[in-house]
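Chemist: Chain by chain, the residues:
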Amino acid sequence: MNTPRRIRIAVQAAFLLLFVFLFLQTESKGNDDLGYPVKLFLDFDPLILITTLLSAHAVAAGFLLSIIVIAVTFIFGRVFCGWICPLGTLNNMVGSLRRSKPRISPRWNTAKYLLLVFLIVSSLFGMQLAGVFDPLSLLIRSFSLAVYPALSSATNAGLDLLYGAPNQSVNAFGEAVAAAAKKLYLPFQQPFYEQGWFIGILFLGVLGLNLVEQRFWCRYLCPLGALLGIFSRWSFLKRSVSEGCNECGACTRVCVGNATPHEKDNWKPTECLYCRNCDDVCPKNAVSFGFGSKQPTGSLNIGRRRVVTAALSGAVAVPLIRTVPLAKQGFHNPALVRPPGSLDEREFLQRCVKCGECMKVCITGGLQPTLMEAGLEGIWSPVLVPKIGYCEYRCTLCGQVCPTGAIKRLTIQEKEQVSIGTAMIDKGRCLPYAHSTPCIVCEEVCPTGKKAIWLEEVTVRDADGNVITVKQPHIDLKTCIGCGICETKCPVIDRPAIYVTSIGETRSKTNKLLL
Amino acid sequence: MKRRDFLRLTALTSLSVAIGVDNRTNQAFGAAPAYDLAVVTGASPQKITSAAIDALGGMTTFVKRGDVVVVKPNIGWDRTPEYAANTNPEVVAAIVRLCLEAGAKKVKVFDRSVNDPRRCYVQSGIADAVKKAGGEVSYIDERKFRDVKINGSVLKSWPLYTELMEADKVINVPIAKHHGLSRLTLGMKNWMGVMGGSRASIHQKINESLVDISMAIKPTLVVLDAVRVLTANGPQGGNLKDVKKLDTIVAGVNQVAVDAYGATLFGMKSSDLGYVRIAAQNGFGPMDTARMKIRKISI
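Chains as they are written, first to last, in our numbering: chain A, 1 to 515; chain B, 1001 to 1299.
Keep in mind the hints are simulated off the structure, nothing from the lab. All values reported here derive from a predicted model rather than from experimental measurement. Treat the hints loosely; a few may be bogus.
As a list, the in silico DSS-like pairs of lysine-lysine whose alpha-carbon atoms are at most 27 Å apart [what the hints assert, rightly or not]:
1. K1205/B / K387/A
2. K450/A / K1245/B
3. K489/A / K1245/B
4. K183/A / K238/A
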């Protein structure tokens, strides 16, 4: 193995480890601030920069870092794909299980450019769909909602076995392993996500495509790869082949990017990942990479008709996706309880890239991915499901990790003023109302300084006809912030007798209840 | 006495109570200090805690060399100390230090929080203070709850935390606070923090349940933190207007006696608290504060 390739593998490993490290740090330690720049990889993502700029006409400051990636691509080509992208590295790893000649026509390379055109045009019309296909967003989402929960679940199942074994030394061993696993990688608590399995299958699908062809995703589908490919067309660093080349074709077999390296004057910089495999494998040592090469290169030919079709599809998709009632002014989904600090729904969707960082970091695990609750454009955006977990009164982590500002970063003082919905009581199920049984749990856990749940002492008859006094809860609409802890902790556990819906949310001008 | 023997004894004594033998259970074991309660006031939480325990004979009366001790504060809420929702961290740290000085092998501190445990442990200041004092702070591990026979009037059995049940000595360190249903949360209610399962359902019969659970977990010592007390919007508060500074520590070996006295800190009668009344009626402890031997110190 020659040096550039060895360096490349080391760099890939380093970035993958950095990614995993930052991923694991996306978890509360009990302090107000998270402390680590966990969204760093997304900050460097120019696809998200461009689409957010187009859809929301604004961009979070962190994204200016992605200009560095654009600049690097202009100089060195698609090194981001070949050397840095953690999904690319994973594709490399899985793909190394199978090495075969490309089976798919290189014409399919253009698919990713068409997807890119589609995403950019739909963002131009105010719909942010890039996050669904963006590789970094996809990877963080898949890790957060599927891979990590599954890993944790498997580990815990093993630990339960050791812990439950009828042998004390096995139990002690189990405790030691548990302590080590907790330090190393286990989450504080087992996460559970709606659709976790589905997002996991999609991710396995992306990885599995490597068995059809190595780096299938990077070659044919990745819209970020397409964007960088376009920049790469003008890159200064170019491949050149010396006279020694006898066109043996060894390079083509190891090329992971459909860059047609065997066609001396038709090497495609837009497809090349600069992985240096061709340089490494060339028996004549005829391949070199350098600045200022005059050798002709292959061009990018997507096809004008196809581009127009993709652009039109992107334009048509926007009104089509918005034919649902949710798009109607004043129509609100009661289940759409957004994280605190979320922008008004339209603006929120223009920014949210469905990366799942907010769900990963949510301290109670209550933030869940939507399916169709927010329409197709809102797929996998965060929604609070208080039955799973409530919004912790003094926690502001979701706003800290949101890469696009769809969820604003709030101070604790600001957050105390933000309502994400309103609690309502189901008197048919509530113990003091329906069953003459004492209970004040919702009031006890209500976190606002002046409690938003107040108790009224009333005398009622119980089943035996005895007169007893119970305290019946009421909601103070002015004070309730919709955090949902009352719903999470309600002892009527299967379908809580108090529940939160989105009405009264601060971010909406129309979803209001009080005068 | 090992914790298990103690449990067995507890079961036997409750049985004897059930068949009508009046037995002040706390006299059945441990040292019998000269005072029922020590009530110390002063500006330094650490000093008044030490003084209160000294007044009862010092920590060596309660903790023997090599003991594994569990100190159980209230770390239920994501609040900083000035909000008086969790036990004062200086009080907890002082007790941990005294236990270690008395020769304890290990001092463990934990609580099954209501809010997120990480935030509760950090924001309460307790995790930090205990670590500095040399104690072991751990989060509740749901695997470590085991069903314990209680045979109480309401609770027949409940999953309780094994680390507490297996400890040699248990020191209860509650904070005195307002509570919407039980009126006040003091020592006996602090045991909810070692109950597993769906513990919220005990609110249906809160007073009976608290007595049942308290008789299943008898502490060696109770140190009630009334440095700051919460007078309304309890048990988690959130409004500094509801916090009153009393700069007081109440210590005793009988948890009914401590809670009975705790009521008086809020201008209430001990009989105003249902669980104190029921416990006293069952002979688990005294509730008439006028008849208690109380050592009052002001420093």
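Chemist: Please go over all the hints and tell whether each is borne out by the structure.
Modeler: Here's how the hints hold up against the structure:
The suggested pairing of K1205/B with K387/A holds, with an alpha-carbon distance near 24 Å, which does not exceed 27 Å. At roughly 20 Å between alpha-carbon atoms, K450/A and K1245/B fall within 27 Å of each other, so this suggested pair holds. At most 27 Å may separate the alpha-carbon atoms for a hinted pair to count; K489/A and K1245/B exceed this at roughly 30 Å. In summary, the hint linking K183/A to K238/A is not supported, as the alpha carbons are separated by about 45 Å, beyond the 27 Å threshold.
Hints 3, 4 from the earlier list are contradicted by this structure; the remaining hints agree with it.
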